[in-house]
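Hints given; two lone chains; assemble the complex.
Chain by chain, the residues run as shown.
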Amino acid sequence: MNNTTITHSLRFIFLVFIQVLVFRQMTVGWGEFNYVHVMVYPLFILLLPIRIPDPLLIFLGFLIGMAIDIFYTSYGVHASATVFLAFLRPVVLKILTPRGGYNINHSPNIKNYGFVWFLIYSSSLLFFHFVFYFIVSVFTHVYWLEIVLRTISSFIVSYVIILLYVRIFNPRD
Amino acid sequence: MRQIVAIFTRSGGILVFLILEVICLSLVVTFNKDQREIYHNSRSIISDSMTHGWGEITQYWNLSAVNDSLSGVIAELKQQQDEAKFLKTIKQDSAKYSGEDYEQQYTYTSAKVVSNTINLPNNFLTLDRGIRDGINTRMGVFDNRGIIGIVIRSNDRYSQVMSILHRDSKISAKVSRLNAFGTLVWTSVGNPKLMELKYIPKHLNPKIGDIIQTSGASSYFPGGLPIGKIKEIEEDPQGGNFHSIKVELFNDLSTTQYVYIVNNLFKDDFKEIEEGNENE
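Quick mapping for you: the protein sequence lines, in order, are chains A and B. Last residue of the first sequence: number 173 in my numbering, and the count goes up by one each step with no gaps. Last residue of the second sequence: number 280 in my numbering, and the count goes up by one each step with no gaps.
Chain B on its own, in the form it takes in the complex (with noise of 0.2 Å):
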């Protein structure tokens, strides 16, 4: 009790002016119109921007969970639209088709790029989906702007995937104006915007520009998903019948966060007629 008695008599000013001047702020504040009203004014304003500015804050931290929950929604939406389903049956008048004609060839899924490599001669990239996510090997890997690579092992939480950055990966491609196919792979080793499109016959007159697809003539990923767009013309230096085309790619494989990983339903149908074919 003596030490509150000191405590007072020491700083019992400062108490009792902070005390007395807190009353008469919010005497000033109750019981005068003008300052009555600046006051909530002020206040108004201040708390409106504090909450703006928290909301701002907050909505960064939630930023990585929206990106999770809204790439998981991209792949949902991707299955629902007709370019992943197959058609059944076939009618005279394409007009009638319904929902109960087509058949589920795509499922997707939505993965996060764990780790990745763009520098060696032979590029992985290893994402957060396994066999608990029905990943398995065989499929396609690609993302908003472009393809990534197709899976080639997985166990249950993760997988690990080619990249199109690989010296063996090779992609069917095709030149979507002139809908010529060819084989894209990656001869340029260290630069992991360029690969290079193959076989595209002499008589076809690619232009600078043109945009590069998936053909839909693999097993691994739909047609018509974007690659890249031709950025060199070169002839072929052993005088072949084929050009020799340098593709830019739209997607910038080092900073890949989000993927989708494309599971044809039919490839193993696929797969047994083209090797039926072969060992004909």
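Okay, chain A solo, but in the shape it has when bound (with noise of 0.2 Å):
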């Protein structure tokens, strides 16, 4: 177990639990009004280092969707979006090559890459997360209206949290 491990571990525990006991109560406490749902859980997979073999970031992906499930108890929607954003990953990694290519112990965050860069990697990322996420939530078309406006105001205030939070601890690897 090295430091990067250790790391990474911790930050799963933490965004699981701030997630389950803060944000899940946001979403709940404003009743009627369920468009917006915040998830801060995401920024794990967006921030496991570029090394990383694929097989093991989706699997990965597939057990903080599940940790996050079993709180909301509903079995496999988070963790689908999960899994489809870590499937997602490596592609938008590989478009948005910077000029001197990666350095692969890295990870993907400000520090390395420049704020601009990481807001472009994160938006794209975590907004195909939410549409995914709403798709399987909602899970018929005939409410697609539902799916478009809770993908939006939920991506918007998730992102600013995201962002909060990457700007508050501003994780290292």
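Errors might be hidden in some of the hints.
[To be verified] Which chain A residues stay away from chain B? Per the calculated CB distances, all over 10 Å, these:
id	residue
1	12
2	17
3	95
4	110
5	116
6	120
7	161
8	167
[What the hints assert, rightly or not] Here are some chain A residues pointing at chain B (derived, C-beta under 7 Å):
id	residue
9	52
10	55
11	60
12	62
13	63
14	74
15	76
16	79
17	83
18	87
19	97
20	141
Note that these hints are calculated values from the structure, not bench results. Heads up, the beta-carbon is just placed ideally off N, CA and C, and yes, glycines get one too.
Pasting the structure below:
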């Protein structure tokens, strides 16, 4: 167990905790107005090291999704979205390759690749995550407007919170 | 083994993604009430429409077999009707006639048209029934909407029919409203819908639109089969005693597929007495 593994494991646990203890309550507390689902746990996938193999990355996506699902009692809904997110991450990384290429020991964060790069990287992946999540959660094309509204509102709020998180904790690896 | 590992490292991401996504979605539809209901409903809708669509397709595949069996059934039914039978006893009260008083006069066989011409001066059809099926010469051929012709030749499997669109074809027919007998001939070569009814005397008044039927006065056809309707009535140019009546056929011989061959079981008796009459 090296340092990186411990860091990411701790982040895993921490993100699940604040997601379940803080943001789940927020969604519930708003009662009728349930268009906003704040989600910070996708950050775990976003911040994993670049060198991580694809199958492991996707499996970790499944793991954190299932961890969240257990607390939300919505088995599979979050997991399917995080698996999709983890599947897309290498694709997006390839598209956003900076001029000098990646240092495979790095994590894709602000410190290594700059604020603008991270903004594009995280927003695009997060957006796909929300689209997929609400499609699976609503599960019918009949409420497509619902899917669009929920995706946009949840995406904006969650994204602001994720940026705050990244600013506050400023993850290194 | 190394190849399998190589494939896995190259496309392992997609593989794991697909496997986990399938697991997730099956979890979604197993443990979440809303999604489960939507899934089951959509699945039943899709499978219903698929079974329905498949049924429609296979229905078309079966259509010709269905037609074959139906035409056989129709032939069978025609045979059972009283019109196909001959009353052998005579009673005072007609209401008392029962099945035993009837004797089968006509038998019917369904057949399919194998080849057909309509554009020649003398046209013939070929049917897929022959001596093996009890078909012989001098049998009438008709379809659901009109008459077709008369069997003139047959071998084991096939028989040839002299179409009513033939210059030598003479069919005994009647104007059903007047019960007036005449002879139906084909004079308008090239027009398979038009025939001419001859020998309707001038003192009778046929009208345009009157129905023409078989007369029953020949050994080929039972009486009352529909043939066509009067389209035009011309005066005989030679100033004879008869109308010249153009008849528009109900059936279209150019599209005929299924026909019935009718066999008059009494035709030999009929012929004998008719010919004896001529010989006298």
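For each hint, the structure was consulted:
no. : hint : result
1   : 12   : holds, 17 Å
2   : 17   : holds, 22 Å
3   : 95   : holds, 15 Å
4   : 110  : holds, 26 Å
5   : 116  : holds, 27 Å
6   : 120  : holds, 22 Å
7   : 161  : holds, 25 Å
8   : 167  : holds, 31 Å
9   : 52   : violated, 11 Å
10  : 55   : holds, 4 Å
11  : 60   : violated, 11 Å
12  : 62   : holds, 5 Å
13  : 63   : violated, 10 Å
14  : 74   : holds, 6 Å
15  : 76   : holds, 3 Å
16  : 79   : holds, 5 Å
17  : 83   : holds, 5 Å
18  : 87   : holds, 4 Å
19  : 97   : violated, 17 Å
20  : 141  : violated, 10 Å
Taken one by one, the earlier hints fail for this structure at numbers 9, 11, 13, 19, 20, listed in ascending order.
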